[in-house]
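Protein sequences appear in the order of chains A and B.
Per the numbering used here, the very first residue in the first sequence carries number 1; after that it's consecutive.
Per the numbering used here, the very first residue in the second sequence carries number 1001; after that it's consecutive.
Since the hints were derived computationally from the structure, they do not count as laboratory data.
Computed from a prediction, not measured in an experiment: that's the story for all the values here.
Do not rely on the hints blindly, as some may be mistaken.
[To be verified] Heads up, simulated DSSO-like pairs for lysine-lysine below, C-alpha to C-alpha not over 27 Å straight-line:
1. B/Lys-1257 / A/Lys-280
2. A/Lys-306 / A/Lys-280
3. A/Lys-257 / A/Lys-180
4. A/Lys-257 / B/Lys-1257
5. A/Lys-257 / A/Lys-280
6. B/Lys-1306 / B/Lys-1280
7. A/Lys-18 / B/Lys-1067
8. B/Lys-1257 / B/Lys-1180
9. B/Lys-1180 / A/Lys-306
10. B/Lys-1306 / A/Lys-306
11. B/Lys-1280 / B/Lys-1257
12. A/Lys-180 / B/Lys-1306
13. B/Lys-1135 / B/Lys-1067
14. A/Lys-135 / A/Lys-67
15. B/Lys-1280 / A/Lys-257
[As the list claims (entries may be wrong)] With beta-carbon atoms standing in for the labels, derived distance ranges:
16. B/Gly-1260 / A/Lys-306: 23 to 29 Å
17. B/Gly-1328 / A/Glu-290: 40 to 46 Å
18. A/Lys-18 / B/Glu-1285: 31 to 37 Å
19. A/Ala-296 / B/Arg-1318: 36 to 42 Å
[Claimed, not checked] Sample of chain A residues with no beta-carbon within 10 Å of chain B, all distances over it, derived:
20. Gly-65
21. Pro-108
22. Leu-118
23. Lys-180
24. Arg-190
25. Asp-228
26. Val-329
Ideal Cβ positions, reconstructed from N, Cα and C, are used throughout, including at glycine.
There are 2 protein chains.
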Amino acid sequence: MDTMRWENGTLVLLDQTKLPGRVEYIYCRDHETVAEAIRSLRVRGAPAIGAAAAYGLVLGVLASGAKSREQLLARAREVADVLASTRPTAVNLTWALNRLLARLEASPVADPEELTELLINEAHTIYREDLEGNKRIGQFGQELVPRGARILTHCNAGALATAGYGTALGVIRAAHEAGKQVSVYAGETRPLLQGARLTTWELLQDNIPVTLITDNMAAYLMARGMVDLVVVGADRIAANGDVANKIGTYGLAVLAKEHGLPFYVAAPLSTVDLSLASGKDIPIEEREPEEVTHLAGVPVAPAGVKVWNPAFDVTPARLVTAIITDRGVARPPYAESLPRLCSSVAKPENSIYFI
Amino acid sequence: MDTMRWENGTLVLLDQTKLPGRVEYIYCRDHETVAEAIRSLRVRGAPAIGAAAAYGLVLGVLASGAKSREQLLARAREVADVLASTRPTAVNLTWALNRLLARLEASPVADPEELTELLINEAHTIYREDLEGNKRIGQFGQELVPRGARILTHCNAGALATAGYGTALGVIRAAHEAGKQVSVYAGETRPLLQGARLTTWELLQDNIPVTLITDNMAAYLMARGMVDLVVVGADRIAANGDVANKIGTYGLAVLAKEHGLPFYVAAPLSTVDLSLASGKDIPIEEREPEEVTHLAGVPVAPAGVKVWNPAFDVTPARLVTAIITDRGVARPPYAESLPRLCSSVAKPENSIYFI
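Could you build all of it, start to finish, from the sequences and the hints given here?
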């Protein structure tokens, strides 16, 4: 089951809003369809929307019929703006788009067809790097997981949220594959139930023991001594280690501290935004009231009630035990460890990744 | 809108599982219907199920056609057992049933009809006391609420959870009536959404400003400085002040401490169980997986996924700023303040309440 795949000029996206009831694909032949899919959370998860946006940019350029390098660049910037405006919090979205634009701008090639080919290859590279990076996150992370650990996770930071394998679920998968006999508690993750719908679905397919809870059961789960550690993904990590992730993450971090449990964040370095000094600068998306007031189309609250619906929250670095990246495990103080890891990633012009 | 009313030998219960979509009543003419209504949460909230069970006991005795005092007492004990077995956590249920049985046993009356009349009056007294008690909870509690306070509450501890006016919502109502211009954040309270369905509905009817959030947004709400205090109800309070209440309450208490916010519990003294030394002795009901896996009949998780579904949790006394009762505000140490308040309530044989 692929989260996305590229088929002869079409981006095929698994429609995650239909899971687990139905497995349906969307065939995206233009960037508007990709933008709509990101906005509607048909594809979601920071690394996955980064990769999808990259392919979306390719689709926008392919459709433009640009006759010159200048036309193609102008079109690429225009399409990137549309895609970048879909969701504000995950930095991987703009990271991927900027990487494609930089690749174009840095290339001396004049021929539009060659430039398009170069874009396609870069999108493939982003996709492949994410998959490979998640495997490394899994390896680095599983070393932190004790045998028999009972792990609480939130939302879906799995194969569905990435090019594959997952970040937080990558750590869990790697621990499982290492024979550590881990088990998982999945918080359902209101309002859109990514934990209930997607995380349990992924783990059941891999035969990793999973128990579903509502988000408000996590505290009591910890108090009863039923969980050993927490691992979550991230949508953006500031230079000081503050972490924006799905709403509810911050509460789990406070609770983990109260109960003396390690709280791990698993994310590729593409999620780290060194341009932001702290989490207070991360834009937090607020979404429509209907996500809270309706479930499966059925109203569950009085009509017209006021709703506050932030899609993410910010967990301060002091509550994060470690950040597990595709380049190794960052420990506090993150203001030192994160830039060090980021600088270990070679730059486009001389990286093994960017050829 | 009455949560329940007694009409010529029939207990008329508002079916709260249908709210806010539909206002429907159940006409209970036997105790089995009452037991089913309690079990299925058609009537819920500790004080409300206490009062409903009292009327249920009356219905069981009315239907028995007992010919003697002995027959009537035997029947009453049998019916009380059925009603007491419906839900384990709220102590008000057994408190109300025991009070009716004690009333019977203490009476020298031999005539079954007279005894039945006495039972009906005692059930009315429980109902009326709860309503009056909640008004006093409101008065005591509103003194703790600053002008303009933004109040977070959980589940529904309102008129619907009681004979009327509410406990936690009683405090909010009294503060509103005192012109304090309070506003409320209602946590939706998964799995059964009593906050979304019932609390917002009650507050909208009273024109008290209310904003709905999912439970996992509470932490971020506090971090953003958007809330000033938390007030919740209780299903059972142990002698040391540990509080069993709707699942999610304990997490809110931890979060309130982390953010330096007062955490108040509002409940009548009938919720205090001095026979239990601490919260670890309170039985915690675990309910069916379908409450978590299905919403409005629609599956939101893969079929067969394992679920943990405790209906309540226990908040340790150290996290509770004060317990607002119908006899005054208990402050720590609760092992002293709670027994003092309870002993201020006159015993059945000489109470103004038990005549």
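For each hint, the structure was consulted:
With a C-alpha separation of about 22 Å, the suggested pair B/Lys-1257 and A/Lys-280 falls inside the 27 Å cut-off, and the hint holds. A hinted pair counts as satisfied when its Cα atoms are at most 27 Å apart, and A/Lys-306 with A/Lys-280 qualifies at roughly 25 Å. With a CA separation close to 24 Å, the supplied pair A/Lys-257 and A/Lys-180 stays within the 27 Å bound. At roughly 13 Å between alpha-carbon atoms, A/Lys-257 and B/Lys-1257 fall within 27 Å of each other, so this suggested pair holds.
A distance of roughly 21 Å separates the Cα atoms of A/Lys-257 and A/Lys-280; the hinted pair therefore holds under the 27 Å criterion. In summary, the hint linking B/Lys-1306 to B/Lys-1280 is supported, as the alpha carbons are separated by about 25 Å, within the 27 Å threshold. Annotation: proposed proximity of A/Lys-18 to B/Lys-1067 is violated, straight-line Cα distance about 63 Å (limit 27 Å). Distance check on the hinted pair: B/Lys-1257 and B/Lys-1180 sit about 24 Å apart at the alpha-carbon level, within 27 Å; holds.
Straight-line distance between C-alpha atoms of B/Lys-1180 and A/Lys-306 comes to about 20 Å, which keeps the hinted pair within the 27 Å bound. About 34 Å separates the Cα atoms of B/Lys-1306 and A/Lys-306, which puts this hinted pair outside 27 Å; it is violated. Our distance criterion of 27 Å between C-alpha atoms is met by B/Lys-1280 and B/Lys-1257, whose separation comes to about 21 Å. Distance hint between A/Lys-180 and B/Lys-1306 is fulfilled; the C-alpha atoms sit about 20 Å from each other, no more than 27 Å.
This hinted pair does not check out: B/Lys-1135 and B/Lys-1067 have alpha carbons roughly 40 Å apart, beyond 27 Å. Distance check on the hinted pair: A/Lys-135 and A/Lys-67 sit about 40 Å apart at the alpha-carbon level, beyond 27 Å; violated. As the CA atoms of B/Lys-1280 and A/Lys-257 are separated by approximately 22 Å, the hinted pair is consistent with the 27 Å bound. For the pair B/Gly-1260 and A/Lys-306, the beta carbons lie near 26 Å from each other, so the given range of 23 to 29 Å is met.
The hint said 40 to 46 Å for the Cβ distance between B/Gly-1328 and A/Glu-290, and at roughly 44 Å that hint holds. For the hinted restraint 31 to 37 Å between A/Lys-18 and B/Glu-1285, the CB-CB distance of approximately 34 Å keeps it satisfied. A C-beta distance of roughly 40 Å is found between A/Ala-296 and B/Arg-1318, which places it inside the suggested range of 36 to 42 Å. Residue placement check: A/Gly-65 keeps its beta carbon more than 10 Å from all beta carbons of chain B (closest about 44 Å).
At roughly 48 Å from the closest C-beta of chain B, the C-beta of A/Pro-108 stays outside 10 Å, upholding its exclusion from the interface. Its beta-carbon lying about 41 Å from the closest one in chain B, A/Leu-118 satisfies the requirement of being farther than 10 Å from that chain. No beta-carbon of chain B is positioned within 10 Å of the beta-carbon of A/Lys-180; the least distance is around 19 Å. With a minimum CB-CB distance of about 4 Å to chain B, A/Arg-190 fails to clear the 10 Å threshold, and the non-interface call is violated.
The claim that A/Asp-228 lies off the interface holds: its Cβ sits roughly 16 Å from the closest Cβ of chain B, which is beyond the 10 Å cut-off. At roughly 25 Å, the least C-beta separation between A/Val-329 and chain B is larger than 10 Å, which holds for a residue marked as non-interface.
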